[in-house]
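Peer 1: Listed here are the chains, written in short residue letters.
Protein chains: 2
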Amino acid sequence: MRLTLNSPLDMHLHLRDGKMLSDIAKYSAKNFAGALIMPNLTPPITTIKTLKEYKERILKACGEEIFTPYMSLFFQESYTPEFLKEAKPFVSAVKLYPSGVTTNSECGVSDIDIKKLSHIFEAMSELDIPLCVHGETDGFVMDREREFGAIYENIANAFPKLTIIMEHITTKESVSLLRKYDNLYATITLHHLLITLDDVAGGLLNPHLFCKPIAKTYEDKEALVQIAINADKKVMFGSDSAPHPVSKKECCGCAAGIFSAPIALSALAELFEQHDKLTNLQAFVSDNARNIYNITTPNKEVILQKKEQTISKEFDGIIPMFAGKKLSWSIE
Amino acid sequence: MRLTLNSPLDMHLHLRDGKMLSDIAKYSAKNFAGALIMPNLTPPITTIKTLKEYKERILKACGEEIFTPYMSLFFQESYTPEFLKEAKPFVSAVKLYPSGVTTNSECGVSDIDIKKLSHIFEAMSELDIPLCVHGETDGFVMDREREFGAIYENIANAFPKLTIIMEHITTKESVSLLRKYDNLYATITLHHLLITLDDVAGGLLNPHLFCKPIAKTYEDKEALVQIAINADKKVMFGSDSAPHPVSKKECCGCAAGIFSAPIALSALAELFEQHDKLTNLQAFVSDNARNIYNITTPNKEVILQKKEQTISKEFDGIIPMFAGKKLSWSIE
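Protein sequence lines correspond, in order, to chains A and B.
Numbering follows the working numbering, in which position 227 of the first sequence is assigned residue number 227; successive positions increment by one, without gaps.
Numbering follows the working numbering, in which position 81 of the second sequence is assigned residue number 81; successive positions increment by one, without gaps.
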């Protein structure tokens with residue numbers, strides 16, 4: 001059995017920089033036609049100049065592959081409508097991180113005060129620049145996304161024409177929010193469709209499945225699976241693939257992030273087939289994103305085959321999600 | 001400021017065996033007058049012969065220190081009233097592990113069927129041998145102890161004269177159960193009085209604070225702190241100190257267990273003092289246990305001093321809880 005995907009997209013991707021970028025970009029470039037690139041480098045991407053330069057480095061790292069890096073800016077309270085207007089031709093989104101909630105988010109917003117930020121949200125609305133949000137509070141780890149719900153609702157209410165993407169949603173409450181507001185959308189990762197907190201900390205502790213937001217309950221996972229496999233138009237695939245060297249994972253203080261880029265499409269095919277929804281994969285990994293972001297993509301066919309593979313134990317020194325396990329689908 | 005503790009006891013301790021036992025026994029032997037020794041070796045302690053031999057090895061590892069190892073047997077469905085009668089002079093408790101819920105628990109009970117096990121519980125009742133239980137189901141990691149509550153209630157109801165110790169309780173629901181049944185008691189660890197899931201997985205992932213049962217919410221922790229600092233007669237200190245080599249902690253699949261024996265009394269003094277309850281520490285770390293277990297202890301004074309210490313980064317190669325952090329109390 002074969003499945004041809006037209007221009008699959010990964011709408012939430014960490015490609016890092018330097019040697020890591022050179023090492024890992026190829027795994028995304030091979031499997032996808034494009035990806036929304038996260039801006040949380042050190043220092044973060046906050047200017048048009050650094051954004052353009054980063055894009056050049058990404059394209060160079062992707063070599064000959066057909067692959068479009070859709071660039072995002074790291075939300076700053078100091079952004080002006082004029083700056084956003086100037087940036088518009090080069091950016092696909094602005095990504096808002098509450099300060100300190102995840103890797104390299106220290107420069108994020110410490111207080112999401114809608115009034116104080118309204119000129120930015122207004123400008124993004126008018127310019128049709130989507131707002132991507134890492135939606136977690138600094139509360140108890142299992143409650144952070146739920147608690148952030150009120151902030152999503154406030155922004156969605158106050159700026160009804162702003163496209164708001166709830167990034168890497170993990171709870172059934174977030175799924176419910178999508179139903180409530182026309183201008184709320186979401187990315188869903190591979191790992192949040194497949195794992196719960198039990199996989200991270202229920203048996204032995206598994207640093208390679210530790211991520212932010214942390215994986216939640218079986219009920220939460222099921223809500224995500226249902227909306228994904230039914231290709232609801234409000235959701236799209238975003239891997240949040242986030243490589244760290246082994247020394248940052250198998251250690252005393254393990255960094256959050258799961259490296260899934262090389263296996264994402266094969267694992268999604270397996271999941272969608274298990275639910276007899278293989279025909280919906282095209283919408284989840286491409287069509288929905290094109291509609292939500294209103295983007296055209298390079299033409300690129302990626303062919304999946306029902307052929308067992310054993311996931312490599314490492315890719316350029318990075319341990320991937322499900323290292324050593326089997327998948328029933330492979331990229332041709 | 002000084003605080004003299006009379007015969008402090010650690011009523012839940014993993015001393016392991018072989019070189020690990022030789023390396024770490026001294027930390028418990030120095031600070032405590034005795035401890036209830038967990039029987040989950042490989043293979044587990046299930047016979048009088050192996051129990052006596054293990055006790056000898058422990059005494060040898062403790063050297064000259066005044067220290068009584070109170071021995072426990074690993075609950076087996078095959079135990080008979082005759083065996084328990086014969087074992088009675090040598091054992092302080094029988095420890096029941098549901099199969100597979102924690103380190104070396106594979107030989108545990110796969111189905112806690114009260115009818116099937118009633119002859120054992122009856123015999124333990126009559127012989128006045130306490131039943132210690134690792135109370136977790138195989139459910140979702142945050143719900144396991146709560147789900148096990150029904151089993152505690154069934155046993156407590158069916159065998160009202162059996163002393164049942166809920167080991168290392170972690171939830172407010174377990175605290176409530178103590179109020180409901182006269183024959184239910186509990187041990188509380190140091191770490192469950194000080195940490196929540198946030199400390200394990202809320203920032204960077206910390207394998208050295210990963211344990212079973214996993215640390216829960218702030219509300220759960222507060223319920224434990226209140227019952228401990230008020231020296232409720234239903235609870236006693238049990239460290240569940242459980243050393244693992246670094247290679248089993250900072251790795252791909254990190255083993256559950258926190259090594260707290262060397263710092264436990266100092267950290268407890270700090271906690272009790274913060275709540276202005278220092279005078280209750282004696283009951284929590286000794287008197288309550290003596291009453292619950294109906295044991296006499298060797299006479300041993302352990303003196304704590306209000307003197308800052310920095311916790312060692314390792315003790316014989318084992319990384320302790322809060323390595324490198326400061327405590328305001330020290331053992332004299």
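Keep in mind that a hint or two might mislead.
Heads up, incomplete: computed chain A residues facing chain B, CB under 7 angstroms, no partners named [unchecked claim]:
hint, residue
1, TYR79
2, LEU197
3, GLY253
No farther apart than 20 angstroms at their CA atoms in a straight line, the calculated lysine to aspartate or glutamate pairs in the EDC-like style are these [to be verified]:
hint, chain 1, residue 1, chain 2, residue 2
4, A, LYS180, A, ASP232
5, B, LYS248, A, ASP199
6, B, LYS248, A, GLU250
7, A, LYS248, B, GLU126
8, A, LYS248, B, ASP198
9, B, LYS172, A, ASP199
10, A, LYS248, B, GLU250
11, B, LYS313, A, ASP232
12, A, LYS313, B, ASP199
13, B, LYS49, B, GLU65
From chain B, some residues computed to sit far from chain A (all C-beta separations above 12 angstroms) [claimed, not checked]:
hint, residue
14, ILE114
15, SER118
16, THR196
17, ILE331
Rather than coming from a laboratory, the hints here were simulated on the basis of the structure.
Please read these numbers as outputs of a predicted model, since none were measured by experiment.
The beta-carbon is built from N, C-alpha and C at its ideal position, and this holds for glycine as well.
Peer 1: Now look at each hint and say whether the structure bears it out.
Peer 2: Against the structure, the hints come out as follows:
Taken as an interface hint, TYR79 (chain A) does not check out: its beta carbon lies about 28 angstroms from the nearest beta carbon of chain B, beyond 7 angstroms. With 7 angstroms as the threshold, the beta carbon of LEU197 (chain A) comes within range of chain B, its nearest partner Cβ sitting at about 6 angstroms, so the hint holds. About 4 angstroms separates the beta-carbon of GLY253 (chain A) from the nearest beta-carbon of chain B, less than 7 angstroms, and the hint is met. A distance of roughly 14 angstroms separates the Cα atoms of LYS180 (chain A) and ASP232 (chain A); the hinted pair therefore holds under the 20 angstroms criterion.
With a CA separation close to 18 angstroms, the supplied pair LYS248 (chain B) and ASP199 (chain A) stays within the 20 angstroms bound. A C-alpha spacing of about 10 angstroms is found between LYS248 (chain B) and GLU250 (chain A), which places the hinted pair at or below 20 angstroms, so the restraint holds. For the hint pairing LYS248 (chain A) with GLU126 (chain B), the CA-to-CA distance comes to about 54 angstroms; that exceeds 20 angstroms, so the pair is violated. Annotation: proposed proximity of LYS248 (chain A) to ASP198 (chain B) holds, straight-line Cα distance about 19 angstroms (limit 20 angstroms).
Taking the CA atoms of LYS172 (chain B) and ASP199 (chain A), the gap is about 25 angstroms. The hint is violated against a cut of 20 angstroms. Restraint check for LYS248 (chain A) and GLU250 (chain B): satisfied, since their Cα atoms lie roughly 10 angstroms apart, inside the 20 angstroms limit. For a cut-off of 20 angstroms, the pair hint linking LYS313 (chain B) to ASP232 (chain A) is broken: about 51 angstroms separates their Cα positions. In summary, the hint linking LYS313 (chain A) to ASP199 (chain B) is not supported, as the alpha carbons are separated by about 29 angstroms, beyond the 20 angstroms threshold.
With a CA separation close to 24 angstroms, the supplied pair LYS49 (chain B) and GLU65 (chain B) exceeds the 20 angstroms bound. With a least CB separation of 26 angstroms from chain A, ILE114 (chain B) remains clear of the 12 angstroms interface cut-off, as annotated. For SER118 (chain B), the shortest C-beta to C-beta distance to chain A comes to about 31 angstroms, beyond the 12 angstroms cut-off, and the non-interface label holds. Chain A draws THR196 (chain B) into its interface by the beta-carbon criterion, the shortest separation being 7 angstroms against a cut-off of 12 angstroms.
Listed as a non-interface residue, ILE331 (chain B) keeps its Cβ farther than 12 angstroms from every Cβ of chain A; the least gap is roughly 25 angstroms.
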